[in-house]
Amino acid sequence: MRTSATGKWSKWAGGALALFAGVALTAVANQPAAAQSKQLTLCWAAWDPANALVELGKDFTKESGIEMKYEFVPWTSYADRFLNELNSHGKLCDLIIGDSQWIGGAAENHWYVKLNDFFAKEHITMDDFVPATVLGYSEWPKNTPNYWALPAMADAVGWTYRKDWFARPEIQAEFKKKYGRDLAPPKTYEELKQIAEFFQGRDIDGKKVYGAYIFTERGSEGITMGVTNVLYNYGFEYDNPKKPYQMQGFVNSANAVKGLEVYKELYKCCTAPGMTNAYMQEGLDAFKSGQVAMQMNWFAFFPGLYKDPNVGGDKIGFFVNPAGPNGHFTQLGGQGISVVATSEHQDDALRYIKWFAQPKVQQKWWEIGGYSALKAVVDAPGFPKSAPFAPQFLESMAIVKDFWAEPSYAQLLLDMQKRVHDYVVADKGTAQQALDLLVKDWTKVFKEQGKEVASQ
Amino acid sequence: MTAIIHPDAGADRIGAQARQAATRRVHGLSDRSIAWLFVAPTIALLLAINIFPLIWMIRLSFTSLNLSMSYLPLRFVGLENYSDILTDDDVWIRLQTTARFVICSVALQVVIGFGLALLINRQFRTHSFWTTIILLPMMLSPAVVGNFWTLLFQPQIGPFNYVIGLFTGIPPSSFSMTGEVALAPWTIVLVDSWMWAPYVMLICLAGLRSIPDYIYEAAEVDRASAWRQFWSITLPMVMPFLMLAVLFRAIENFKMFDMVNLLTSGGPGSTTELVSITLKRAAFEKWRTGYSSALAIILFVTVFGAANIYVKALNRVKQR
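Sequence order for the protein chains is P and R.
The numbering used here applies: residue -14 is where the first sequence begins, and numbers increase by one.
The numbering used here applies: residue 2 is where the second sequence begins, and numbers increase by one.
Hints in this document: simulated from the structure, not taken from any laboratory.
Since the structure is predicted, the reported quantities are computational estimates derived from the model, not experimental observations.
Wrong hints could be hidden among the right ones.
Said to hold, decoys possible - Counterexamples of contact, computed for chain R against chain P with all Cβ distances above 10 Å:
#  : residue
1  : Ala45
2  : Leu73
3  : Gly79
4  : Arg101
5  : Gln124
6  : Leu137
7  : Val182
8  : Leu191
9  : Tyr200
10 : Leu203
11 : Ser233
12 : Pro237
13 : Phe285
14 : Leu315
15 : Gln320
Said to hold, decoys possible - Some, not all, of what chain R presents toward chain P, calculated at C-beta under 10 Å:
#  : residue
16 : Ser174
17 : Ser175
18 : Asn262
19 : Gly268
20 : Thr272
Heads up, the beta-carbon is just placed ideally off N, CA and C, and yes, glycines get one too.
Chain P extracted, bound-state conformation (with noise of 0.2 Å):
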C-alpha cells in the first residue's frame, strides 16, 4: 500500500518526538548518577591569587571529599557577569568571593547567607581578623557586627619599583645633582612626580623607558581605583564624617581638586603611550617589559612578579603608596569569601568557609600566593621576613579606604570612572567641574536610593 505525504511527515514528526523523547529521559536518568559525587562551585576573578586557590582547595577535597569546581572571569568582566548571576538569583555559584563594594548591595538583596549565627557556632570570631578587612569585607552596614562574609583575600594598591635600575651609580648621581636627593622610593606623591619625569624617555640598556604606570582603564573600575590613591592624600573624602551623604564640599573640594590635578599631571608628565585604557595587566605587561620605573598595582600580583625572572629577585623593590599633603592612604583591594543565597549546597559551602577559616589553611593561603587576613598570620613576627614585599603589605593594609559599598555603588563607579577618564585623560573641562558635576551625578543616585542629602 502507498503512504500518503501526509502519513510521511506525520511519521517523521512523530520520530523527531521519539527522539527528542528518549534524549531527555536519557538525560534525566542519568542525572542522580552525577549528582552522586558532592560538589561546590566557587566563583571568583581570574588571575595569580585565584591559581593559589585551586591548589589549597585539593586539601579540602582530601579533607572534605567534596570537589570544588571553579568559575573564573577576567577582572574586567567580573562585576558585570556576577552581579547579574547574583541579581538573577542564579545557581552557578554556591561560594563566591565579591568585591568588597559588592557588600551593602548583596546584604539588602539577600544575595548573601548573613554569617553571624554560623561564626558564633563555629567560634569564628572576626576579632581574630585585620580590623579593615572585617569593615570592608564582611560588615553591612558598616561598622555594625553583621556580617556577611570571610575575609578572603586582603589586598591594597601598591607600588613596584626597578631596584637595578635606582641602584645604578651614574643614575644616583645624575638625580642627586638634578634634585639633591638620593634616588630612593617616594614617600610622597611630590617625590614620585619627580622621579617618574627622571626616568621618562631615559635611555637604559639602549631601550626607552617610562617613569611611572598608573591605572586608567575606563570601562570598569581601573581609572578609580587608581585616582582615589592620590584623591585621598590631598584631602578627598566620600561625605562628610559628620553628616553621612552630604557630598557637597568634601568630594570637590579645593584638596581633591588638587588631588585630581596631580593625577592627570602624572599621567600625562610620565606614563608610556598609549597607556589611555590600562589597567592590572597592561600595568604587568608594562613592568614585566622593562618599559617603566615604577607600577601602581594590587599587592596581589606582587609575589608573581618578584618570581618573574627578567625583572623579579633583586631586580624588583617595593613600596606603600606615598603620601599626600593631607594625609596617608590607599585604596582597599580584597574580597571577602560569601555563600550564596541560592545555593543547593549551603550547609558544604559554609563547611568550605569553615575550613578556610582555620591558621593552618590561613598559614599555608599566604604561602602560596594569596594574602591572609588573619591576625594569626600576619601579625606572626616572622610575617614581615616572610616576603620582600610583606613589610609593604602590612603598612598598606593599616592605611586603607575604600569607595563606597552602598548597593548603589554600580552606578557610583561608573559615575566616577566617566567623570575622571573625561579629565584625566579626554581633557575635557577642569577638575574642579569633574568633581562638581561628579557631586552632582551621586547626588542623584542616592536620591534615587531615597537617602536624604544635604547640600551643605
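Starting from the known structure of chain P, fit chain R onto it as the hints suggest.
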C-alpha cells in the same frame, strides 16, 4: 472547441477526493493542523523571546525598577524615565556621537564597497580569488576584530603606527589611535569600514550582475561614453541594492556595541561612547532597569521610524 468528457471522469474525481479526505481523517490531522503544528514552535519562540520581553520592557519603562536595589518598592513613575532621558544632555551627546559614527562609516563603506564591486565586476582572471580575500574581514567575529586592531593600534609595538610613521615621519609612539580624542572616533569608523565594506561590495556586486548586457550594448551602439553609461545605466540600476546596503549597515551601526567596546570602551572619556554602550551600562552595570527600558524603547522607535521612512524612499526608487 469541443470538450470530450469521459463518462467515468466525474466519478473518478469524486472517488479521489473521498480517498484524500479519508487519508486525512485516518491520520487525525488535517493539512492545516499539520501546518500549524510545524509553525507553532516558531510562533511560541517568537512570543517567548521577542514579543513577551518587548511588552514586559514597555511595562518596566514606566517603573522605578533598579535591580541592584530590588529590595526597594517598585514604583510606577509614569513618563519620568522618558522625560529624564529626553532632557539629559549626556544622552543627546551620545545620540550625536552615534549619528556621526553611522553617517561617516556607512558613507565610507558605500564608497569603498561600490568601488570594489565595480572592480571585481570586471571579471579579470583572478577575480574569484580577490573576492574571497576581500570578503574575509566580514567573516571574522567582531570580538576578534576588536582585539587584533587593538594590538595593531598599540603605539609602541603596533604596525599601524609604524606604517604611518614610515610614510609621514611622525614618530610611531607619539600618537595613539584609540586613546586620543581627535583620533578615536575615526579609528572606530576605520575598523568598522574595513570589516563591513566587503558586505556592501557583495550587495553592489549582485546589483551590477543583475544589469542585462544588452542595455550596455545598446548604449555602445548609441556611442555613450563610459562615464555616461555609469551615470545613466549602472548607478540607477544598482541604486536599489545600494540603498538596501545602506539600510542594513545603518541599522547595524546604530546598534554597534561589541567592536567599539573592545577598541575603546567608549573612551577616551566618553568620546566614542555610542548610545548602545550607554544603554548597556545603564541596564547591566548600573542596573537601572526602568530607565534603560525606556532608553531601549526610544532607540527602537527611532530606528524603526527612520527605517520605515527609508524603506518608503527605497520603494520609490525601485518604482522609477
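Hints, verified against the model:
For Ala45 of chain R, the requirement that its beta carbon stay farther than 10 Å from each beta carbon of chain P is met, with the minimum near 15 Å. For Leu73 of chain R, the shortest C-beta to C-beta distance to chain P comes to about 7 Å, within the 10 Å cut-off, and the non-interface label is violated. At the 10 Å boundary, the C-beta of Gly79 of chain R stays outside the reach of chain P, the nearest C-beta of that chain being 16 Å off. With 10 Å as the threshold on Cβ separation, the claim that Arg101 of chain R sits away from chain P holds: the shortest Cβ distance comes to roughly 16 Å.
With a minimum CB-CB distance of about 44 Å to chain P, Gln124 of chain R clears the 10 Å threshold, and the non-interface call stands. With a minimum CB-CB distance of about 27 Å to chain P, Leu137 of chain R clears the 10 Å threshold, and the non-interface call stands. Under the 10 Å C-beta cut-off, the non-interface status given to Val182 of chain R relative to chain P is violated; the minimum distance is some 5 Å. Against the 10 Å criterion, Leu191 of chain R stays outside the reach of chain P, whose nearest CB is about 17 Å from its own CB.
Annotated as non-interface, Tyr200 of chain R keeps its C-beta farther than 10 Å from every C-beta of chain P; the closest such distance is 28 Å. The Cβ of Leu203 of chain R sits about 33 Å from the closest Cβ of chain P, beyond the 10 Å cut-off, so the non-interface label holds. No Cβ of chain P approaches the Cβ of Ser233 of chain R within 10 Å, the least distance being about 49 Å, so the stated non-interface status holds. Non-interface status of Pro237 of chain R relative to chain P is upheld: no Cβ of that chain comes within 10 Å, the nearest being about 45 Å off.
Consistency note on Phe285 of chain R: stated as away from chain P, yet its beta-carbon is not over 10 Å from all of that chain's, at 6 Å minimum. Against chain P, the non-interface label of Leu315 of chain R holds: every CB pair exceeds 10 Å, the least being about 38 Å. With a closest Cβ-Cβ approach of about 40 Å to chain P, Gln320 of chain R is found to remain outside the 10 Å limit, as its non-interface label requires. Interface restraint check for Ser174 of chain R: the shortest CB-CB distance to chain P comes to about 4 Å, inside 10 Å, so the restraint holds.
A distance limit of 10 Å between C-beta atoms decides the matter here; for Ser175 of chain R the minimum to chain P is near 7 Å, and the interface restraint holds. Restraint check, Asn262 of chain R versus chain P: the minimum CB separation of about 7 Å is within 10 Å; hint holds. About 4 Å separates the beta-carbon of Gly268 of chain R from the nearest beta-carbon of chain P, less than 10 Å, and the hint is met. The criterion of a C-beta within 10 Å of any C-beta in chain P is met by Thr272 of chain R, whose closest approach is roughly 6 Å, and the hint holds.
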